[in-house]
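Each chain sits in its own coordinate frame; assemble them with the hints.
Read top to bottom, the protein sequences are chains A and B. In terms of the numbering used here, the first sequence is residues 1 to 175. In terms of the numbering used here, the second sequence is residues 1001 to 1162.
Keep in mind the hints are simulated off the structure, nothing from the lab. On a predicted model such as this, the values are computed, not experimentally measured, just so you know. Where hints are given, some of them may not hold.
[Claimed, not checked] As a list, the in silico DSBU-like pairs of lysine-lysine whose alpha-carbon atoms are at most 30 Å apart:
#1 Lys-1141/B to Lys-149/A
#2 Lys-85/A to Lys-143/A
#3 Lys-1060/B to Lys-82/A
#4 Lys-171/A to Lys-82/A
#5 Lys-3/A to Lys-82/A
#6 Lys-1060/B to Lys-1113/B
#7 Lys-85/A to Lys-3/A
#8 Lys-1141/B to Lys-3/A
#9 Lys-35/A to Lys-82/A
#10 Lys-149/A to Lys-35/A
#11 Lys-85/A to Lys-171/A
#12 Lys-143/A to Lys-82/A
#13 Lys-35/A to Lys-1060/B
#14 Lys-1113/B to Lys-149/A
#15 Lys-35/A to Lys-1039/B
#16 Lys-1039/B to Lys-1060/B
#17 Lys-171/A to Lys-35/A
#18 Lys-85/A to Lys-35/A
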Amino acid sequence: MWKYIPLILFFGLVGFLARGLSLDPSELPSPLIDKPAPTFQLQSLFDSSEYNPESFTGEVWLFNVWASWCRACITEHPELEKLNKIEGLTMVGLNHKDVLDDGRSWLNRFGNPFDTVVFDQQGSTGINYGVYGVPETFIMDKKGVVRYKHIGPISEEDLNTILLPLIEQLKAEQV
Amino acid sequence: MVNRKQQTVVHVLLIQVCVMLFVLLMPASSAHSAETVLKFDSDEQAALYLRLTEEFRCLKCQNQNLADSNADLAQDLRNEIYDAVINGQSRDEIADYLVARYGDFVLYRPPVKRVTYLLWFGPFVLLLFAIIGGWRLISSKPTITAPEPSEALEDARRRLNE
Chain A
1 MWKYIPLILF FGLVGFLARG LSLDPSELPS PLIDKPAPTF QLQSLFDSSE
51 YNPESFTGEV WLFNVWASWC RACITEHPEL EKLNKIEGLT MVGLNHKDVL
101 DDGRSWLNRF GNPFDTVVFD QQGSTGINYG VYGVPETFIM DKKGVVRYKH
151 IGPISEEDLN TILLPLIEQL KAEQV
Chain B
1001 MVNRKQQTVV HVLLIQVCVM LFVLLMPASS AHSAETVLKF DSDEQAALYL
1051 RLTEEFRCLK CQNQNLADSN ADLAQDLRNE IYDAVINGQS RDEIADYLVA
1101 RYGDFVLYRP PVKRVTYLLW FGPFVLLLFA IIGGWRLISS KPTITAPEPS
1151 EALEDARRRL NE
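Just chain B, with the same shape it has in the complex (with noise of 0.2 Å):
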């Protein structure tokens, strides 16, 4: 009898270790099959990286970042930066690189230059008309006026009033 309850607590124990195990794991398993980890020198730098592969659009698959996407160049610039970021290249230097070799579309901000200012500007210029019509529309006199006494209302009166 006392063996056997011994054995039942051992197994118990067991299940606790394995879940315990499993649950310790599973995250860390995860993250690691994603992408191998990468060290840097530094949590600016970290933190440079991340934000870069946020900030560059992947070209070949044109909503998603560097960070989203899966594609194959993503992956390669992805190592482009992490390269750049270790050597301790800026983040200037860094967009300045892609720049040079993909175009301004690689930014998801674009620059505000001679062709982009429709984009930055437009919604101004198309706030201010909105906003020059409102107040035309509101200071402009009620175009609803008081009828002009017309013969048939005298009329009516007058019978009113016999």
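Chain A extracted, bound-state conformation (with noise of 0.2 Å):
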């Protein structure tokens, strides 16, 4: 029996390492999941209205941050505008750490598929959000529950298997 344990030892590491292999280490749990949104009381990125979480209360919406300078945003901007065609549900915006000329002009070249969005040049919001990599993409429930994170671009999987499956049951979920 004893001389068999290196072997299962041997075998526990390679299970080990084998899963390290699978994960990737940029994506980490967000301590938000199942809590209220974050507050934040910002303008617009056009006018002088101004946007808080409560704004959306009732309805669900994705909050993606998002800046001209940040180059994978380009990548997940043609899953944005596919988002953009669900009926019932709201997509906000983030402007992050940006300048307010470069986030228009960035809408105006590539269009816009938020129906709001709020423009925060310090990067407060971020912070309170936990944002360490532009962009990613927060989904909240009726009650403005963050129910999901994504970090980093959505691809066209993470579109189909996650966030269309999500959005569709946050829908049917009563207030």
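Rendered as structure tokens:
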């Protein structure tokens, strides 16, 4: 029995290492999941109207953190356009640590997939949302609770396998 | 002649002053360029700030702490920590603030809780196994025993005695 111990330990180690290979170290679990969306009070990118998380209470809303200096944001832009077509989903963009005119011209150039875009030059809202890599996407339910966080650009696969089913589920939930 | 000698002395003096200024200003200017100098109300606050920036991880560049990292995010978080320290917040309050936003991973030293039991106590379990294994190895009876007297050996002895 005792002579098999090293063999068992060896395969245990191999198992851990194999698992480690398939994990993405940049994807960290967010402590915000199932917590109320952190509050903010931000001005629109386009006019002087102000928004906070309560502005979207009663709606399923997607909160996408983007910037004109962010290359990966261009990659995920087509997926945001697809999300924009979903009925009953409010698309909110957070223009993170950007210059007002740069943010506006980025949307003009690629198209604006958002219903509302709020502007945060200082990036303090980003800190409250634990943003460390732009783009990041949060999905909030009708009560304003964070239900999902996606780090990095949304791929077509992410959209079809994770986001769409979750959004349908959240839409069906009663407030 | 005298005039020229005076000139040389003045030149040498000028060079000396330049070198002195250079030596005196060099370390100061390099320290300034790295980061604007932060002002604290007390030495305790400065020490806390330094300790905290070394204690938290920069999530953008995960193998660096906030003090080491040049990433934009690290600078923002250093500013947050600075403001919190100046406002008199304690280490635990600041840690809670960061963990609530970025998760346990922001701590270089992971907290002891159920998901990290294996991480914290696993090595000691392995050590226990090693001690038990080693003890068994040492205390077990030696496997090399004297060869049994065989017929061939008896035969050889008999021949020698002949």
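Going down the list of hints, with the structure as the test:
| no. | hint | result |
| --- | --- | --- |
| 1 | Lys-1141/B to Lys-149/A | 61 Å, violated |
| 2 | Lys-85/A to Lys-143/A | 22 Å, holds |
| 3 | Lys-1060/B to Lys-82/A | 29 Å, holds |
| 4 | Lys-171/A to Lys-82/A | 17 Å, holds |
| 5 | Lys-3/A to Lys-82/A | 59 Å, violated |
| 6 | Lys-1060/B to Lys-1113/B | 25 Å, holds |
| 7 | Lys-85/A to Lys-3/A | 63 Å, violated |
| 8 | Lys-1141/B to Lys-3/A | 16 Å, holds |
| 9 | Lys-35/A to Lys-82/A | 27 Å, holds |
| 10 | Lys-149/A to Lys-35/A | 12 Å, holds |
| 11 | Lys-85/A to Lys-171/A | 15 Å, holds |
| 12 | Lys-143/A to Lys-82/A | 24 Å, holds |
| 13 | Lys-35/A to Lys-1060/B | 23 Å, holds |
| 14 | Lys-1113/B to Lys-149/A | 24 Å, holds |
| 15 | Lys-35/A to Lys-1039/B | 36 Å, violated |
| 16 | Lys-1039/B to Lys-1060/B | 27 Å, holds |
| 17 | Lys-171/A to Lys-35/A | 18 Å, holds |
| 18 | Lys-85/A to Lys-35/A | 27 Å, holds |
Taken one by one, the earlier hints fail for this structure at numbers 1, 5, 7, 15, listed in ascending order.
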